[in-house]
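Asks: Build out the structure end to end from the sequences listed, making use of the hints.
Below, each chain spelled out in residue letters.
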Amino acid sequence: MWREIWLVCRKDMIIEWRARVTLVQIVPTVLLVLVVFAFALDANPSLLGAGAGGLFWVAVLFGAVLGAKRSFDIEAEGGNLDALRLGGLVPAAILWGKAAALALQLVLVGVFAAAGLLVLYSVTVHDWLLIVVAGLCGMAAFAICGTLYGAMTVGLRSADTLLPLLLIPVAAPVLLAGTRAFDVALGTSADQGWSWTALLAVVLVTYVAVGWAAAGPLLEDA
Amino acid sequence: MTHAANVFSGYVLAAVATAAYVVWVIRRGRTLGRHLGIGARGPVSDVADESRPRD
Amino acid sequence: MTDLSPRHPLEASGDRAAVRRQMGRRRKAVIGAFVLLLLIAGGAATIAGLRNATLFFRNADEAIAERVELGDRRFRLQGRVVPASVAVDGGVTTFEVIHNCASVAVRHSVDPPDLFESPWIPVVLEGRWVPGEVVTVAGRDTHFFSSDNMLVKHTNEYAAANADRIGDPDEPPEGFLDDCPFEVPRL
Amino acid sequence: MIETPEPDLREQAQRAGSLSMTGSVATRVLGVVAIAAVGVMALLALWISPADAVQGDAVRLMYVHVPSIWVAYGGFVLTAFASARVLWRTRSGVGGTYGVIADRQARRWDRVAGAAAELGVLFTALTLVTGSLWGKVTWGTYWQWDARLTTTVLLFVTYLGYLALRRLPAESRARARRSAVMALIAVVNLPIVHYSVDWWRTLHQEASLNLEPGGDRNITGEMYWTLLYSWATFTVVALWIGIHRYRVLRLEELAEEASLEELLAQRRDEQAAGR
Numbered sequence: 001m002w003r004e005i006w007l008v009c010r011k012d013m014i015i016e017w018r019a020r021v022t023l024v025q026i027v028p029t030v031l032l033v034l035v036v037f038a039f040a041l042d043a044n045p046s047l048l049g050a051g052a053g054g055l056f057w058v059a060v061l062f063g064a065v066l067g068a069k070r071s072f073d074i075e076a077e078g079g080n081l082d083a084l085r086l087g088g089l090v091p092a093a094i095l096w097g098k099a100a101a102l103a104l105q106l107v108l109v110g111v112f113a114a115a116g117l118l119v120l121y122s123v124t125v126h127d128w129l130l131i132v133v134a135g136l137c138g139m140a141a142f143a144i145c146g147t148l149y150g151a152m153t154v155g156l157r158s159a160d161t162l163l164p165l166l167l168i169p170v171a172a173p174v175l176l177a178g179t180r181a182f183d184v185a186l187g188t189s190a191d192q193g194w195s196w197t198a199l200l201a202v203v204l205v206t207y208v209a210v211g212w213a214a215a216g217p218l219l220e221d222a
Numbered sequence: 001m002t003h004a005a006n007v008f009s010g011y012v013l014a015a016v017a018t019a020a021y022v023v024w025v026i027r028r029g030r031t032l033g034r035h036l037g038i039g040a041r042g043p044v045s046d047v048a049d050e051s052r053p054r055d
Numbered sequence: 001m002t003d004l005s006p007r008h009p010l011e012a013s014g015d016r017a018a019v020r021r022q023m024g025r026r027r028k029a030v031i032g033a034f035v036l037l038l039l040i041a042g043g044a045a046t047i048a049g050l051r052n053a054t055l056f057f058r059n060a061d062e063a064i065a066e067r068v069e070l071g072d073r074r075f076r077l078q079g080r081v082v083p084a085s086v087a088v089d090g091g092v093t094t095f096e097v098i099h100n101c102a103s104v105a106v107r108h109s110v111d112p113p114d115l116f117e118s119p120w121i122p123v124v125l126e127g128r129w130v131p132g133e134v135v136t137v138a139g140r141d142t143h144f145f146s147s148d149n150m151l152v153k154h155t156n157e158y159a160a161a162n163a164d165r166i167g168d169p170d171e172p173p174e175g176f177l178d179d180c181p182f183e184v185p186r187l
Numbered sequence: 001m002i003e004t005p006e007p008d009l010r011e012q013a014q015r016a017g018s019l020s021m022t023g024s025v026a027t028r029v030l031g032v033v034a035i036a037a038v039g040v041m042a043l044l045a046l047w048i049s050p051a052d053a054v055q056g057d058a059v060r061l062m063y064v065h066v067p068s069i070w071v072a073y074g075g076f077v078l079t080a081f082a083s084a085r086v087l088w089r090t091r092s093g094v095g096g097t098y099g100v101i102a103d104r105q106a107r108r109w110d111r112v113a114g115a116a117a118e119l120g121v122l123f124t125a126l127t128l129v130t131g132s133l134w135g136k137v138t139w140g141t142y143w144q145w146d147a148r149l150t151t152t153v154l155l156f157v158t159y160l161g162y163l164a165l166r167r168l169p170a171e172s173r174a175r176a177r178r179s180a181v182m183a184l185i186a187v188v189n190l191p192i193v194h195y196s197v198d199w200w201r202t203l204h205q206e207a208s209l210n211l212e213p214g215g216d217r218n219i220t221g222e223m224y225w226t227l228l229y230s231w232a233t234f235t236v237v238a239l240w241i242g243i244h245r246y247r248v249l250r251l252e253e254l255a256e257e258a259s260l261e262e263l264l265a266q267r268r269d270e271q272a273a274g275r
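Chains as they are written, first to last, in my numbering: chain A, 1 to 222; chain B, 1 to 55; chain C, 1 to 187; chain D, 1 to 275.
Please keep in mind that the hints were generated in silico from the structure rather than gathered at the bench.
Glycine is no exception: its CB is placed at the ideal position from the N, C-alpha and C atoms.
Keep in mind that the hints are not guaranteed to be accurate.
To be verified - Footprint (simulated), chain B over chain D, 3 or more residues, beta carbon under 8 Å:
#1 60 to 68
#2 119 to 129
#3 132 to 143
#4 246 to 256
To be verified - To give an idea of the interface, some chain D residues facing chain A are shown, with a C-beta separation under 10 Å as derived from the structure:
#5 87
#6 151
#7 153
#8 160
#9 169
#10 172
#11 184
#12 188
#13 225
#14 228
#15 235
As the list claims (entries may be wrong) - Here are the simulated distance ranges between beta carbons:
#16 B:27 / A:14: 50 to 56 Å
#17 A:88 / B:15: 55 to 61 Å
#18 D:142 / C:66: 28 to 34 Å
#19 C:88 / D:143: 24 to 30 Å
#20 C:148 / A:115: 35 to 41 Å
#21 B:24 / A:1: 47 to 53 Å
#22 B:31 / D:164: 19 to 25 Å
Replies: If you want it as structure tokens, here you go:
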């Protein structure tokens, strides 16, 4: 099982390495979102600092939607998904492998977005550990949701427009908890950052459980 | 004054929305039924549920 | 000799993944139950932790306790309005709110909603601490709360308007001020 | 060549004597009961029940707001239950014995899920709108981002997504299965919405009806009974529309199949003509 997950994950990462879609398209788009927000809030720079945590997560969520779409676009062509299943891979392995690859790509996006925040919004980080833990939990959760809904809409004609509608509400708890945790870590709020991170972890475990249950019905003979 | 107005608009909105949905459902049923020629066989509830199996 | 023994359909299909899946089902159920347990425990722990996290407002006593941390940041404050303390001066309404026997003096700069008129109504105010000597029903205080948005947080209790009401309307809700070391003046 | 006249479907429908194609004796009775109940409810809620001591007449919005969300909850729970049945029925596709009956039942449950979710969305929308109007006169604002309101709007959007997913053209079994998975994910939000007022501090008041035995009730008699009556009314109305909607979904499936057959027949004719 672990080997199969690793195979699928590695396959996706190799495709990414050759095509560099995340690095050359998604990362710049996410940075562009941050820049556009900076334009929009230019008249009131203090708002930028106050909203930095939220903007980070909105930007990453945007990246996650694009990434999930991309992750299943490469499978929709030429019946790749069927080929994977016929190759003897368990549906769960396909799902978790793709989720892992998407999570890795999102971490990449997140690192760039965080760097963008530091440079463009001139925020200061009070608690690096909180940032890293909350960030990883949130991105893993985004990746699992994205993979689940990507699998649900794979090959559908209006998947491009439907995916954000499906994904964003489900990702909202992550957005909320992640924003609160980041606000604390960036020193803009006196909330309980670790409680919010714990909520992120619970949401993550929930998605893992749902993914576990849904992998079969979604991929077996969809 | 605003109390009465809000209560009134709340009730009216609820009634209109529900009624519109009822009308939409029933009309859609009629249109589809006619299209399929089920009218002769009576309402759809009396037509056997003969979903054909796949494969 | 040909093997004529009946085969399980899974075996016959030659689908090894399917056979493994069938066998792994029991183990999967155990893991599933474990995950579910973990989920419930984790959820309960988090909810317990977040119960006290201030998501929407701080109660009056917490706002006083956290005054230093709050500094001049905006937050929401919740408490019941003391009827005898309400005064209107120009566009500014001043009053006090009490929660857990802690009283906060409020200067509210916008017209309050209709239900503000009801005695001892709980309200949520948006604003910040401002330094200034004030006297409240609980004694002297070094800060007052400057607010520019008021939301009435009505309770989940409903009673008919025309029913005979016991006592005068100025009466605080039952048990609300029981443990307080101070007296609240009546209208 | 003999021309067979096209059967006039409209005439046939009229001869069948039905106002609606999806009606039956049972639904007609239910419909009459529902409409009468709504009339009585309007009388009770707007006229007979008393105004609230604090809120005055604004409290009357409760009789629409609260039953709406209860019915919506019911719809979403039914969707989840039906979806579980869809998955359970169609799992283990190995071997032929399961085939026909299982597939038929799965399709029925899929229709139940679709009809119930649509009603849930309608009544959630009503809850949001009436709640907003109620909030304006009591809280002093149409909208606040507190936990209850935020989770409710998320619930609404999630099920809008579910309905959008259902509408996408796909092979019917794959579609049923896929939307069933989504319904099971979406229903997780339901307890969060319901308990949000207990778990978090919200502007929204806590539940007034304590459903635990022996729990005290925060609503006085007449208001309490009006609320329960309104809930019963909403349930009857929802059942009535739900049954019709279920049958319309069946008709939609039939129409889909018919058009497919038509296309196949066309193709066959083309081939025959070409030969």
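Asks: Now tell me, hint by hint, if it's right for this structure.
Replies: Going through the hints against the structure:
{"no.": "1", "hint": "60 to 68", "verdict": "holds (count 5)"}
{"no.": "2", "hint": "119 to 129", "verdict": "holds (count 4)"}
{"no.": "3", "hint": "132 to 143", "verdict": "holds (count 4)"}
{"no.": "4", "hint": "246 to 256", "verdict": "holds (count 8)"}
{"no.": "5", "hint": "87", "verdict": "5 Å, holds"}
{"no.": "6", "hint": "151", "verdict": "9 Å, holds"}
{"no.": "7", "hint": "153", "verdict": "9 Å, holds"}
{"no.": "8", "hint": "160", "verdict": "7 Å, holds"}
{"no.": "9", "hint": "169", "verdict": "7 Å, holds"}
{"no.": "10", "hint": "172", "verdict": "12 Å, violated"}
{"no.": "11", "hint": "184", "verdict": "7 Å, holds"}
{"no.": "12", "hint": "188", "verdict": "7 Å, holds"}
{"no.": "13", "hint": "225", "verdict": "36 Å, violated"}
{"no.": "14", "hint": "228", "verdict": "32 Å, violated"}
{"no.": "15", "hint": "235", "verdict": "27 Å, violated"}
{"no.": "16", "hint": "B:27 / A:14: 50 to 56 Å", "verdict": "55 Å, holds"}
{"no.": "17", "hint": "A:88 / B:15: 55 to 61 Å", "verdict": "58 Å, holds"}
{"no.": "18", "hint": "D:142 / C:66: 28 to 34 Å", "verdict": "30 Å, holds"}
{"no.": "19", "hint": "C:88 / D:143: 24 to 30 Å", "verdict": "27 Å, holds"}
{"no.": "20", "hint": "C:148 / A:115: 35 to 41 Å", "verdict": "37 Å, holds"}
{"no.": "21", "hint": "B:24 / A:1: 47 to 53 Å", "verdict": "49 Å, holds"}
{"no.": "22", "hint": "B:31 / D:164: 19 to 25 Å", "verdict": "22 Å, holds"}
In summary, the structure is inconsistent with hints 10, 13, 14, 15 from the numbered list given earlier, while agreeing with the others.
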